[in-house]
Amino acid sequence: MKTTFTFDKLPLKFYKRDVLTVARELLGTTLIRKKDNLTFAGIIVETEAYDGKTDQAAHSFNGMTKRNETMFKGGGYLYVYFTYGNHYCCNVVTGNPGGGCAVLIRAVEPINEIETMTINRYSKSTISDKELLNLTNGPGKLCKAFSIDLKDNSAELSDDQIFILNSKNNKLENISTSKRIGISKSVDLPWRFFITDNKFVSRK
DNA sequence: CCACGGATTGGCT
DNA sequence: GCCAATCCGTGGA
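Its first residue numbered 1, the first sequence is counted upward by one per residue in the numbering used here.
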């Protein structure tokens, strides 16, 4: 069965704004990843902002390297990196070229092609309710489920392989803020955003 | 060349 | 809640 989506892609100008604004406004939008004729989809429920100019926790803080160069390309690119020997994480680059700003996508609520995500994550097609909640509730987990890796680094969100739909309801989402997770520098900045009480958020 | 540590995860206590 | 796994990128000698 083919599923279609009636929402529009977020325009390039959406990404070319302040990283904190984009991190907050990405909540409730829908991440789409097309691969092998499949359309993976999930509602973004948790994000973190990283700012190359003021934020020591940002990969871009100490300047451009081969690893982080996508962060300097300006709003509208996908920055994917490899970490802890096992995991990929995906970010949406924001702001102007040279700024080194990006939003880490930390969790999504899966809404399409869930069975393939299940196979990608657990190498089996039948899972428990608990395993469903663990399918995409972390930055490494959602990349595994959506089959996102370094080949997707520097992808343009205006293209058709990976993009984000403006799926926000008219009703305002209830948004919570907290310190970011898993970092050792600039630890006190309240730059993590998540949809309050959503079951697919990685942590309270 | 080598040492260090990481925007994590999952398994075990 | 704690901690090992795992390996590439980065920076210093």
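Bear in mind the hints are in silico, worked out from the structure with no lab data behind them. Don't take every hint at face value.
[Claimed, not checked] Taking lysine-lysine and the DSS-like style, the derived pairs with C-alpha atoms no more than 30 Å apart in a straight line are:
#, residue 1, residue 2
1, K66, K130
2, K53, K151
3, K16, K34
4, K185, K124
5, K130, K53
6, K179, K144
7, K73, K199
8, K53, K34
9, K151, K168
10, K185, K53
11, K179, K199
For each hint, the structure was consulted:
For a cut-off of 30 Å, the pair hint linking K66 to K130 is broken: about 38 Å separates their Cα positions. For a cut-off of 30 Å, the pair hint linking K53 to K151 stands: about 27 Å separates their Cα positions. Only pairs whose Cα atoms come within 30 Å are accepted, and K16 paired with K34 is accepted, the gap being roughly 24 Å. Taking the CA atoms of K185 and K124, the gap is about 38 Å. The hint is violated against a cut of 30 Å.
In summary, the hint linking K130 to K53 is not supported, as the alpha carbons are separated by about 40 Å, beyond the 30 Å threshold. The hinted pair formed by K179 and K144 meets the criterion: a straight-line CA distance of about 25 Å does not exceed 30 Å. For the hint linking K73 to K199, the alpha-carbon distance of about 34 Å lies beyond 30 Å, and the restraint is violated. Using a Cα cut-off of 30 Å, the hinted pair K53 and K34 is violated, with the two alpha carbons roughly 33 Å apart.
Distance restraint check for K151 and K168: the Cα-Cα separation of roughly 29 Å lies within the 30 Å cut-off, and the hinted pair is therefore satisfied. At most 30 Å may separate the alpha-carbon atoms for a hinted pair to count; K185 and K53 meet this at roughly 14 Å. Annotation: proposed proximity of K179 to K199 holds, straight-line Cα distance about 19 Å (limit 30 Å).
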